[in-house]
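Undergrad: Sequence:
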Amino acid sequence: MNENTIPIRFDHSTAADEIAQRWDKAGCSHAEVNPNKKPYSIVIPPPNVTGALHLGHGLNNTLQDILIRTKRMQGFEALWMPGTDHAGIATQAVVERRLKEQENLSRHDIGREGLVERIWSWKDQYEKRIIGQLQRMGCSCDWRRTRFTLDPTCAAAVRATFFDLFQKQLIYRGKRLVNWDTFLQTAVSNDEVENVTKKGHFYHFRYPVIDPKPGEPEFVEIATTRPETMLGDTAVAVHPDPSAALDRVANELQEKLVAASAKEKTDVQAQIDALAKRRESMLPKLIQLRDMAADGRQLMLPLVNREIPLVTDEWAKPELGSGCVKITPAHDPNDYEVGQRQELPMINILNPDGTINSVAPAYEGLTIPQARKQVVADLDEAGLLGDIEDRDIEMPLSDRSKTAIEPYLADQWFVKMDELAQSAMDAVSDERVKIFPTRYRKGYLDWLGEKRDWPVSRQLWWGHRIPIWSATFETEAEANAIVDKAKSLAGDDQISAAVQPNADGESFNVFVCLRNEDSPLEPKLEALRLVRDADVLDTWFSSALWPHSTLGWPQKSAELDYFYPTSTLCTSRDIITLWVARMVLMGLNNLGEIPFDQVYIHPTILDGHGERMSKSKGNGVDPIDVIEKFGPDALRFGLTEIATETQDVRMPVQYECPHCEKLVDQTKKNRTATTIDCPECKKTFSTQWAESEADKQHPKAAVVSEKFENSRNFVNKFWNASRFVLMNLEGFTPQAIDVAKLPVEDRWLLSRLATVTRQVTDAIEHFRFAEARSVIYDFAWNEFCSFYVEIAKPRLADEKERSLSQNVIVHGLDTLLKLLHPITPFVTESIWGFLNEIAPTRGLDRKPASELLMVAPWPESDSSHNDAAIERQFSEFQQVVVAIRQIRASQSIKPQETVPVSLTCSESSQALLAPMSTYFAGLAGADVLAIGPEVEAFETDAPLTIPGIGIEVHVDLEKFIDVEAELSRLEKLLGQIIKQVAGKESKLANENFVSRAPADVVEKERSSLTDLIARRESVEADIKKLREKASSD
RNA sequence: GGGCGAUUGGCUCAGUUGGUUAGAGCGCUGCUUUCACACGGCAGAGGUCACUGGUUCGAAUCCAGUAUCGCCCA
2 MNENTIPIRF DHSTAADEIA QRWDKAGCSH AEVNPNKKPY SIVIPPPNVT
52 GALHLGHGLN NTLQDILIRT KRMQGFEALW MPGTDHAGIA TQAVVERRLK
102 EQENLSRHDI GREGLVERIW SWKDQYEKRI IGQLQRMGCS CDWRRTRFTL
152 DPTCAAAVRA TFFDLFQKQL IYRGKRLVNW DTFLQTAVSN DEVENVTKKG
202 HFYHFRYPVI DPKPGEPEFV EIATTRPETM LGDTAVAVHP DPSAALDRVA
252 NELQEKLVAA SAKEKTDVQA QIDALAKRRE SMLPKLIQLR DMAADGRQLM
302 LPLVNREIPL VTDEWAKPEL GSGCVKITPA HDPNDYEVGQ RQELPMINIL
352 NPDGTINSVA PAYEGLTIPQ ARKQVVADLD EAGLLGDIED RDIEMPLSDR
402 SKTAIEPYLA DQWFVKMDEL AQSAMDAVSD ERVKIFPTRY RKGYLDWLGE
452 KRDWPVSRQL WWGHRIPIWS ATFETEAEAN AIVDKAKSLA GDDQISAAVQ
502 PNADGESFNV FVCLRNEDSP LEPKLEALRL VRDADVLDTW FSSALWPHST
552 LGWPQKSAEL DYFYPTSTLC TSRDIITLWV ARMVLMGLNN LGEIPFDQVY
602 IHPTILDGHG ERMSKSKGNG VDPIDVIEKF GPDALRFGLT EIATETQDVR
652 MPVQYECPHC EKLVDQTKKN RTATTIDCPE CKKTFSTQWA ESEADKQHPK
702 AAVVSEKFEN SRNFVNKFWN ASRFVLMNLE GFTPQAIDVA KLPVEDRWLL
752 SRLATVTRQV TDAIEHFRFA EARSVIYDFA WNEFCSFYVE IAKPRLADEK
802 ERSLSQNVIV HGLDTLLKLL HPITPFVTES IWGFLNEIAP TRGLDRKPAS
852 ELLMVAPWPE SDSSHNDAAI ERQFSEFQQV VVAIRQIRAS QSIKPQETVP
902 VSLTCSESSQ ALLAPMSTYF AGLAGADVLA IGPEVEAFET DAPLTIPGIG
952 IEVHVDLEKF IDVEAELSRL EKLLGQIIKQ VAGKESKLAN ENFVSRAPAD
1002 VVEKERSSLT DLIARRESVE ADIKKLREKA SSD
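Here this note's numbering is used: position 832 in the first sequence is 833, and no number is missing along the way.
Please keep in mind that the hints were generated in silico from the structure rather than gathered at the bench.
This one's a predicted model, so the numbers in the text were calculated from it and none came from an experiment.
A portion of the hints provided could be inaccurate.
[Unchecked claim] Quick list of in silico lysine-lysine cross-link-like pairs, DSBU-like style, CA-CA up to 30 Å:
(1) 1026 x 895
(2) 697 x 683
(3) 488 x 525
(4) 742 x 819
(5) 557 x 670
(6) 318 x 214
(7) 663 x 630
(8) 199 x 403
(9) 417 x 374
(10) 318 x 286
(11) 486 x 417
(12) 403 x 670
[Claimed, not checked] Label-pair ranges, simulated between beta-carbon atoms:
(13) 527 x 360: 27 to 33 Å
(14) 152 x 39: 26 to 32 Å
(15) 530 x 145: 45 to 51 Å
(16) 145 x 341: 51 to 57 Å
(17) 613 x 37: 44 to 50 Å
C-beta atoms are modelled at their ideal positions from N, C-alpha and C, and glycine is treated no differently.
Between the sequences and the hints, there should be enough to build the whole structure, so can you do that?
TA: Encoded structure:
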């Protein structure tokens, strides 16, 4: 092979595709049940089909691929199960929003079937894109097994699970205050709500007291940020012991005062004073109100003219506002709890679309902002409106629709968590499931420990429809009769029915769950006036089954037997509770076994400003953009670099100017711009936000990160080192190698390979990905390329040495290719192909190489090759090379000049360095004239003593001398040595150190000091000599 | 309010159980382009390891507190 056979750069844009096809054709990533091998399996955290993947997914999947490729090479039957998630609310929201924007239609305009059809086509489009992204990244998933959380296989698992839980009475229906998205008209989970602070008002109202006794106030004042909710008020609360409550607050403030800094003190003191004043002016009235409440006084709720009680509850804060608080149990989470404690009626004032309902006929049909305005105006007219203050208010916004969330009382299906949660806690507590890093255990256990029931219904059309048919009856007997009829339709493996009384106790619900989809029992149930539930299940319900549903459960498949429990789950920390915990409890419920042995939590990628990456912010980076600019290997190598044990990593984001390829930093300002002017070439480019025709005229910039540039450079470096080896393999013949007889550099290489193999293997197996990368990066670049390849050059040119040298260097390359393959699969596979052409049989074992690197056996670390003495000796050689280079640089000696060098050293160093002396020519441009204990300095000498090993390097400067430069080098060196001597002396003068530190540490310091003093004297002598020479010239 | 984490050269980050002169990449300075690689090579400058206290013969590392920032949960 020559320089024309192999291009000077690895052309990933043409090679990657071809390599991927070869892998695919050979079925390398397909796993089958194989009793001859041990299984290793990973299920992908299914990316949701809402949008394309960004670098966070890139990281997640790169790490999984590193694990799966390593295990595959280690001889495991390695299955990486791929697939995507239907992401119920997120996907429906995106499609609905587009429907509104592009066609001005709502989901009701096109109906359930129409909407679901559109979502499916969205899903098809994005699933294709996502899988394409993963494939271009080189992810070696078993694509033939690709699943989707809504496909028939997963649906069967969902149905089986739901039926089972229903039968075990772990599923029930209840009214709960939910986060209601009035745009999507569904409940959303807490995780889908974000709180924003907005400017609003704090309105004071007066509610009349009914029949006040003499001396009692005629009005009670309350305040609210949401006036319209007063239509649903069912009480006003006052604190049961206002005096004690005020005392407690005062005590807290006193404690705060003691701990406060001087700056804060005045502020805290002011609060204390205000509280004392308040106590004086308001306490008697609050006590009076408390007594009125105890006496059962009623208030007249204005506008709706409803009598509501004055109650005592600790939720009322005597230190705030009027000390009284209105209670709207159906529209506020705190009030809901008060309502439950006080057994208050819960009055829902909203229609599902967020307009006021018939509870308040005068306001019916008004939107919330309209109703707010009207209520305030009407109260004003009635003379019941007090002050209106400006105030910052926290407003919950739906992540999905970006509209305001309303607390809303709705019927929801719940999964009872008590025992299920406990089982999942036990699995982690007793380490059947191990979480890495271990700090994440706490969050998992704390969250499950709350054992909050899981609301699983979503008022959506996209998802697994809840398989329950229900009807309401006035008497229990009627309900029971229907249950009996339903049960008589089929066996209890097919149908399950239950009666649940309504909260009001005046009606009875019948719920019937069917085991099978499209069951012939459905029309029979409908004949009994039972109606199928319109809701669908929370997406996490199906994701929770992922490790077993993808393997075919509830069918008893061979795959399930062989690959379940899976080995490792690799995910990010934000879904430890939502997903990981639920997989554990569902796995235990459905199979009685944990879903995976290990959970590895990788860091979260933030942008350069410390913000989470997201497409909607404009700071999301598409892995494809990075691949196109830097290549898939560079993407993976760079992502591996950031996979440390930390929890967040920053990834600065840049635009790549399409005109001049300059990388332009993304700022908070320019990331929302539609066009940007390149600071380099001054031309304009557009961004993802460009919409107008004028903006779109400008070419669009890819969004990338310079983080990958270094990785691209590494890939290139490695490619070229391989290219060099390949170009020097002419006439390659495998030959037997007697390790003991190899020259130092070869034994050094073998020793280092053994160490690096062990380190890389160990790091990957313990999820220390960044460490694996850096070990291999440092070794490949700074040892293999910088030293071994350089030394090999003269040997490969020497006919007598060529064959042996070829054999050793090929063995080194072969090992490196294997170790690097999980991280950079494409470039290594490409080189492997070339290597197979010219050296199909190679390595110390002289075995034929596998056709594809992807399925080659993982290298074993041969500890018999580890040789500490050889490594130490080689290090001396390296240090001498560096010393010569330093002298050359300080004298500005041109690279093409060869300098005469002599080395004064011990006999043992001489024995090592003598056979390697010719290598100094290539590595340091040095002609080594003499080596040994008796070797003396040159007449015009530049000396450098290497600390620790006592080798004196002498360079003959006769032809080159620059006295000033040399003096300045020596003086700088002397300065450093003097500083170090002083440090050591003071340390050793410290009696405490000498007597208390371990003897070996003290001894080390002593000998180091002796060494330093000798060097100081030597440098001082050199300076003196040089000065004398300079003055005599 | 609670939990978790971060703070190390201009930037992004390593730093294993405390122990020579705290490392890397990018950027910067100087030299370098026939001889695998300029996406390269060689040399160099640049850090009181956020702050305060403590433990210790010895602290970037252990402990306590403070500040700033981030993420998660209420």
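Undergrad: Run every hint past the structure and note whether it holds.
TA: Each hint, compared with the structure:
| no. | hint | result |
| --- | --- | --- |
| 1 | 1026 x 895 | holds, 25 Å |
| 2 | 697 x 683 | holds, 17 Å |
| 3 | 488 x 525 | holds, 11 Å |
| 4 | 742 x 819 | holds, 26 Å |
| 5 | 557 x 670 | violated, 56 Å |
| 6 | 318 x 214 | holds, 25 Å |
| 7 | 663 x 630 | holds, 12 Å |
| 8 | 199 x 403 | holds, 14 Å |
| 9 | 417 x 374 | violated, 42 Å |
| 10 | 318 x 286 | holds, 14 Å |
| 11 | 486 x 417 | holds, 27 Å |
| 12 | 403 x 670 | holds, 21 Å |
| 13 | 527 x 360: 27 to 33 Å | holds, 32 Å |
| 14 | 152 x 39: 26 to 32 Å | holds, 29 Å |
| 15 | 530 x 145: 45 to 51 Å | holds, 46 Å |
| 16 | 145 x 341: 51 to 57 Å | holds, 53 Å |
| 17 | 613 x 37: 44 to 50 Å | holds, 45 Å |
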